[in-house]
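One-letter residues, chain by chain:
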Amino acid sequence: MKFAIVVHGAPYSSEGCLLALRFTEAALAGGHEIVRVFFYHDGVYTATALAAPPQDEIDIVSRWRQLHETHHVELVACVASCLRRGILDPTEAERYEKPASNIAPGFLISGLGQLIDATLNADRVVTFGA
Amino acid sequence: MKLLFIQSKPPHGSINAQEGLDAVLMGSAFSDCTLLLTGEGVLQLIKSQDPTDLGTKDFARTFGALRDYGVNNIYADAASLERYQLSAADLVIEVETLAASEAAALIASHDKVLNF
Numbered sequence: 001m002k003f004a005i006v007v008h009g010a011p012y013s014s015e016g017c018l019l020a021l022r023f024t025e026a027a028l029a030g031g032h033e034i035v036r037v038f039f040y041h042d043g044v045y046t047a048t049a050l051a052a053p054p055q056d057e058i059d060i061v062s063r064w065r066q067l068h069e070t071h072h073v074e075l076v077a078c079v080a081s082c083l084r085r086g087i088l089d090p091t092e093a094e095r096y097e098k099p100a101s102n103i104a105p106g107f108l109i110s111g112l113g114q115l116i117d118a119t120l121n122a123d124r125v126v127t128f129g130a
Numbered sequence: 001m002k003l004l005f006i007q008s009k010p011p012h013g014s015i016n017a018q019e020g021l022d023a024v025l026m027g028s029a030f031s032d033c034t035l036l037l038t039g040e041g042v043l044q045l046i047k048s049q050d051p052t053d054l055g056t057k058d059f060a061r062t063f064g065a066l067r068d069y070g071v072n073n074i075y076a077d078a079a080s081l082e083r084y085q086l087s088a089a090d091l092v093i094e095v096e097t098l099a100a101s102e103a104a105a106l107i108a109s110h111d112k113v114l115n116f
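Each protein sequence line maps, in turn, to chains A and B.
The first sequence begins at 1 in this note's numbering and counts up by one.
The second sequence begins at 1 in this note's numbering and counts up by one.
FYI, nobody ran anything at the bench for these hints, they're computed from the structure.
Misleading hints may appear alongside valid ones.
With the Cβ distance kept under 8 Å, some of the chain B side facing chain A (calculated, not the full set) [stated by the list, open to error]:
1. I15
2. E19
3. D22
4. A23
5. G27
6. F30
7. K47
8. V95
9. L114
Cut-off 25 Å, straight-line C-alpha distance, at most; resulting in silico cross-link-like pairs (PhoX-like, lysine-lysine) [unchecked claim]:
10. K57(B) to K2(A)
11. K47(B) to K98(A)
12. K2(B) to K2(A)
13. K47(B) to K57(B)
14. K2(B) to K112(B)
Small disclaimer: the values here were computed from a predicted structure and weren't measured.
Beta carbons are placed, not taken as given, at the ideal position from N, Cα and C, and that holds for glycine.
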């Protein structure tokens, strides 16, 4: 089955982000396809390259990146949500004349159309709320 | 493909309602979209809200534009409206009210559901 995953919750603040990660890992292990993971609302905080969680806690950002590297899962963060919250790729940093970009490797910043596209192309869309 | 957007968050206190409506507008560019407001989400429909003093955007105006975007099917859960003692005269747009059983049928009649 083809799943689209939507993440609304910020890592650590919300269990939704972690549940989405574990659901995605389990779906892939079960032989399913992930059309795309779309990070929206506070979920876009997952896409920061600057998270440095304590060593005895799960590194949520790295676990998502591993899914991208191992299974080529597309990780897309909503551009409008990102810009509001200070998650920038080099293009946006330059456009808005900000001093740095901070998008984590493996993540892409793109538009809300990617959410709708994933929804239309999946058999199921699963939203993990905040 | 028929998409159903369900809004269940209150209009203020978080940006979820505003960003959810943005998703509805985007969805309308690609597909046949329906909007259902339920639970605290019905509070989004109260007319003459003025968030100026909150310092947040007055996004309720978006409701008035939905039909221009082709989102013609807009529903509100009747029990939620009753809970907050809201009648048609209190709302910023006309909506069709649904009993709980009808909401279940509405969900079943759509291909995908996006929750906000």
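Worksheet entry | Structure-inconsistent hints, enumerated in ascending order | 7, 8, 10 and 11
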